[in-house]
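Colleague: Position chain G against the provided structure of chain Z, taking the given hints into account.
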Amino acid sequence: MKRKPITKILIANRGEIAVRIHRSASEMGIRTVAVYSDPDRTAPHVLFCDEAYPLHGTTSAETYLDIGKLIRIAKECGADAVHPGYGFLSEKAEFARAVIQAGLTFIGPAPETIDTLGSKTSARDLLAKKKIPIVPGTTKPINDLAEAHKVASSIGYPVLIKAAGGGGGKGMRRVDSPEELEGAIERARNEASKAFSDDRVYIEKFIINPKHIEIQVLADTHGNVIHLGERECSVQRRHQKVVEECPSIAVTPALRNAMGTAAVEIAKAAGYVNAGTMEFLLDASMNFYFLEVNTRVQVEHPITEMVYGIDIVREQIRIAQGEPLSMDQASVVISGHAIEARIYAEEYDNNFLPSTGTITHYQPSEGPGVRNDSGVRTGSEITMYYDPMIAKLVVHGRTREEAVARMKRALREYKINGVKTTIPFCEMVLYHPEFIKGTYDINFVAKHYLVPDGTLDAQEAAAIGAAFAAERKTGMKTPSTPVPSAGSPWKVRGLHE
Amino acid sequence: MSRTTLHIAERTLSLEETTGILYGEDGAPVPADVRRISAGEYSVIIQGRSYHIFLSLGAMQSTATVNNFIFPIERETLRDQLTQRLKKEARTENGSVTVRAPMPGLITKLLKQEGAVVQHGEGVLVIEAMKMENEIKAPKSGTIKRMFVAERRTAEKNDQLFTIE
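Chains as they are written, first to last, in the numbering used here: chain Z, -11 to 485; chain G, 58 to 222.
Keep in mind that the hints were calculated from the coordinates and are not lab data.
Here the structure is a predicted model, which means the values were calculated and not measured.
One should not assume that every hint holds.
Claimed, not checked - Here are the simulated EDC-like pairs of lysine to aspartate or glutamate, each with C-alpha atoms no more than 20 Å apart in a straight line:
| no. | chain 1 | residue 1 | chain 2 | residue 2 |
| --- | --- | --- | --- | --- |
| 1 | G | Lys194 | Z | Glu174 |
| 2 | G | Lys194 | Z | Glu167 |
| 3 | Z | Lys461 | G | Glu74 |
| 4 | G | Lys194 | Z | Glu335 |
| 5 | G | Lys166 | Z | Glu170 |
| 6 | Z | Lys461 | G | Glu73 |
| 7 | G | Lys214 | G | Glu192 |
| 8 | Z | Lys182 | G | Glu185 |
| 9 | Z | Lys128 | Z | Asp113 |
| 10 | G | Lys194 | Z | Glu168 |
| 11 | G | Lys169 | Z | Glu100 |
| 12 | G | Lys166 | Z | Glu174 |
| 13 | Z | Lys461 | G | Glu208 |
| 14 | G | Lys214 | Z | Asp337 |
| 15 | Z | Lys461 | G | Glu185 |
| 16 | Z | Lys461 | G | Glu192 |
| 17 | G | Lys194 | Z | Glu170 |
| 18 | G | Lys214 | Z | Glu335 |
| 19 | G | Lys214 | Z | Glu369 |
| 20 | Z | Lys118 | Z | Glu100 |
| 21 | Z | Lys403 | G | Glu98 |
| 22 | G | Lys169 | Z | Glu174 |
| 23 | Z | Lys182 | G | Glu74 |
| 24 | G | Lys169 | Z | Glu168 |
| 25 | G | Lys169 | Z | Glu170 |
As the list claims (entries may be wrong) - Distance ranges between label pairs, derived from CB positions:
| no. | chain 1 | residue 1 | chain 2 | residue 2 | range |
| --- | --- | --- | --- | --- | --- |
| 26 | Z | Glu174 | G | Glu222 | 24 to 34 Å |
| 27 | G | Arg132 | Z | Glu167 | 30 to 40 Å |
| 28 | G | Gly115 | Z | Ser14 | 37 to 47 Å |
Said to hold, decoys possible - Here are a few chain G residues that face chain Z, going by a calculated C-beta distance under 8 Å:
| no. | residue |
| --- | --- |
| 29 | Leu72 |
| 30 | Arg106 |
| 31 | Val156 |
| 32 | Gly162 |
Using N, Cα and C, we set each Cβ at its ideal position, and we do this for glycine too.
Next up, chain Z with everything else stripped away, as it sits in the complex:
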């Protein structure tokens, strides 16, 4: 395949992933283009990128999901490639196709591959034929309720209703009995059609207490396919990952090799090119079942980057330019342990309901082995329009023990004021004996009903009271002459000079 150097990338996304893509591109000497909705005019991705163009609108549908607008901007600004990030249009074959038709490079797999693998049902169909173990259930979307009842009772309750066209827990419902089936399907269809504009759903057997293990794969246009080991993402609430680690404590070198080989086989069977993730469920007897392929960069990709010392976004861009992978399987070396904590603007003490408002203070953790990928700053407005994830805190240590201790420290150091966040929840996870042992599965959060206990001791309460008294005193000062603005010495000196 001929090389097609990329000089300017339009990043069709927002938030932390838009910033993340900018960073790798910028390091490669590639210009970056941000796009933004009205509320995102001053968001970090707009501030960081070399160029920025408005999408004019507020909702996702009229901005980050509008293929026509994105393509028009990409062509007008002279971009030669588009990176879709994750979410939004990243797994829409239609978008990849539109990018290619406009004569631009799509940084991701071919549209045909997205079609086959992005639809979970056709992916299941393909792999069933290749004898790769899949979770029992339908390999086609269900047509009607009668069929759903038939399938569900034949594989046995509990079952999972899942969206054929998406992930992230949206359009997913567990069903324990036939009576719940109709309502669950309706709700799943509604969610799926809103999140992915695709209301097709299918049914899978609900595997009891599995671990969620996924394999990172890289494939170039020269036929090289490698895997970068696993990530364990079993700490989930509402089917969304919150804390992930690499490597998994449950995965032995032999199992890693077996799962990695299966993932590479899946990639080869699908003719996959670019970065992708094969998700599996691992049961208590160490049997693994293929779940789905994510045909894009994953939210939790940084933990793999830290352990393997490979910049996945950079590899994505290199692959899209037609370059070969910068390493082969034999040169992939695992080093230490990494953990990611996703920080969501959510009520940690109230069922993770969205917490909206203005971030009045934002001070991420720093120091050895800490990486913070964030899409917010002090003054950012958290609205109900977009995903509530505001940052990813990632740590690396030589051992798992060191990484756990580092994450505890880093979570405690992180300061966000103005919205509630999942930081207290992540702390609870890190201190939980089952997490420390590594024996947790995907029901960990539900099973332990981890609600952070914000009990105050007498001295903490006294400290708050003291600050409160001081703040009231400051507020009560309403002098007849206006208080001079807290001028910096620079300004004052300037006036007198």
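Modeller: Then chain G, alone, in the frame of chain Z:
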């Protein structure tokens, strides 16, 4: 005499507003070194222990954030205590409960209409926020006396949704 009671989460302190002296739960004045860092941001040191505190003072509610935990602060004068007691008595006489929106969002579906009889725990309406659908359930059995919202309408946090009697 002019002491104000401060309820901070489940702790109770008192504040002499004229002097600014704070009394701890044990009744003794709190020896705190308080420094204002920026608007609402404080460093407080008490007996060598260091606290980084963020305050947001509002007309309706004030909160403090410490280590990303958020604690409500209620300032209560003697008069507040009396009116509170009266309000509480009024509420228990009338056996109705009004459910408010736990988050801002879009009402996507009314599962029950005004006048419907509902059982405790039954879904009444669906509110969508940040692409997730959340079913709002009846906190008790009874009749939906009033539905304040309609489908396709947005609700702000704490907006009245429905009343069950």
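Colleague: Hints first: check each against the structure and report whether it holds.
Modeller: Taking the hints in turn, this is what the structure says about them:
1. Lys194/G <-> Glu174/Z: Cα-Cα ~17 Å, so holds.
2. Lys194/G <-> Glu167/Z: holds (18 Å)
3. Lys461/Z <-> Glu74/G: It holds: about 8 Å lies between the C-alpha atoms, which stays within 20 Å.
4. Lys194/G <-> Glu335/Z: holds (19 Å)
5. Lys166/G <-> Glu170/Z: Distance of about 15 Å is within 20 Å: holds.
6. Lys461/Z <-> Glu73/G: holds (11 Å)
7. Lys214/G <-> Glu192/G: holds (15 Å)
8. Lys182/Z <-> Glu185/G: holds (10 Å)
9. Lys128/Z <-> Asp113/Z: Given pair Lys128/Z, Asp113/Z holds - Cα atoms ~8 Å apart, limit 20 Å.
10. Lys194/G <-> Glu168/Z: holds (16 Å)
11. Lys169/G <-> Glu100/Z: Outside the cut-off at roughly 44 Å; violated.
12. Lys166/G <-> Glu174/Z: Given pair Lys166/G, Glu174/Z holds - Cα atoms ~11 Å apart, limit 20 Å.
13. Lys461/Z <-> Glu208/G: violated (46 Å)
14. Lys214/G <-> Asp337/Z: It holds: about 16 Å lies between the C-alpha atoms, which stays within 20 Å.
15. Lys461/Z <-> Glu185/G: Violated, at about 41 Å.
16. Lys461/Z <-> Glu192/G: violated (44 Å)
17. Lys194/G <-> Glu170/Z: holds (18 Å)
18. Lys214/G <-> Glu335/Z: holds (13 Å)
19. Lys214/G <-> Glu369/Z: holds (16 Å)
20. Lys118/Z <-> Glu100/Z: holds (18 Å)
21. Lys403/Z <-> Glu98/G: holds (11 Å)
22. Lys169/G <-> Glu174/Z: holds (16 Å)
23. Lys182/Z <-> Glu74/G: Violated: Lys182/Z and Glu74/G sit about 53 Å apart, past 20 Å.
24. Lys169/G <-> Glu168/Z: At roughly 17 Å apart (the allowed maximum being 20 Å), Glu168/Z and Lys169/G satisfy the hint.
25. Lys169/G <-> Glu170/Z: Roughly 17 Å separates the two Cα atoms, so the pair holds.
26. Glu174/Z <-> Glu222/G: 24 to 34 Å: The hint (24 to 34 Å, Cβ to Cβ) holds, given that Glu174/Z and Glu222/G are roughly 29 Å apart.
27. Arg132/G <-> Glu167/Z: 30 to 40 Å: Because 50 Å falls outside the window, the suggested range is violated.
28. Gly115/G <-> Ser14/Z: 37 to 47 Å: holds (41 Å)
29. Leu72: Result: holds, 5 Å to nearest chain Z Cβ.
30. Arg106: For Arg106/G, the interface hint holds, since the closest Cβ of chain Z sits about 6 Å away, which is under 8 Å.
31. Val156: This hint is violated: Val156/G lies away from chain Z, its Cβ roughly 14 Å from the closest one there, beyond 8 Å.
32. Gly162: Holds - the Cβ of Gly162/G comes within 8 Å of chain Z, reaching about 6 Å at its closest.
Checked against the numbered hints given earlier, this structure breaks hints 11, 13, 15, 16, 23, 27 and 31; the rest are met.
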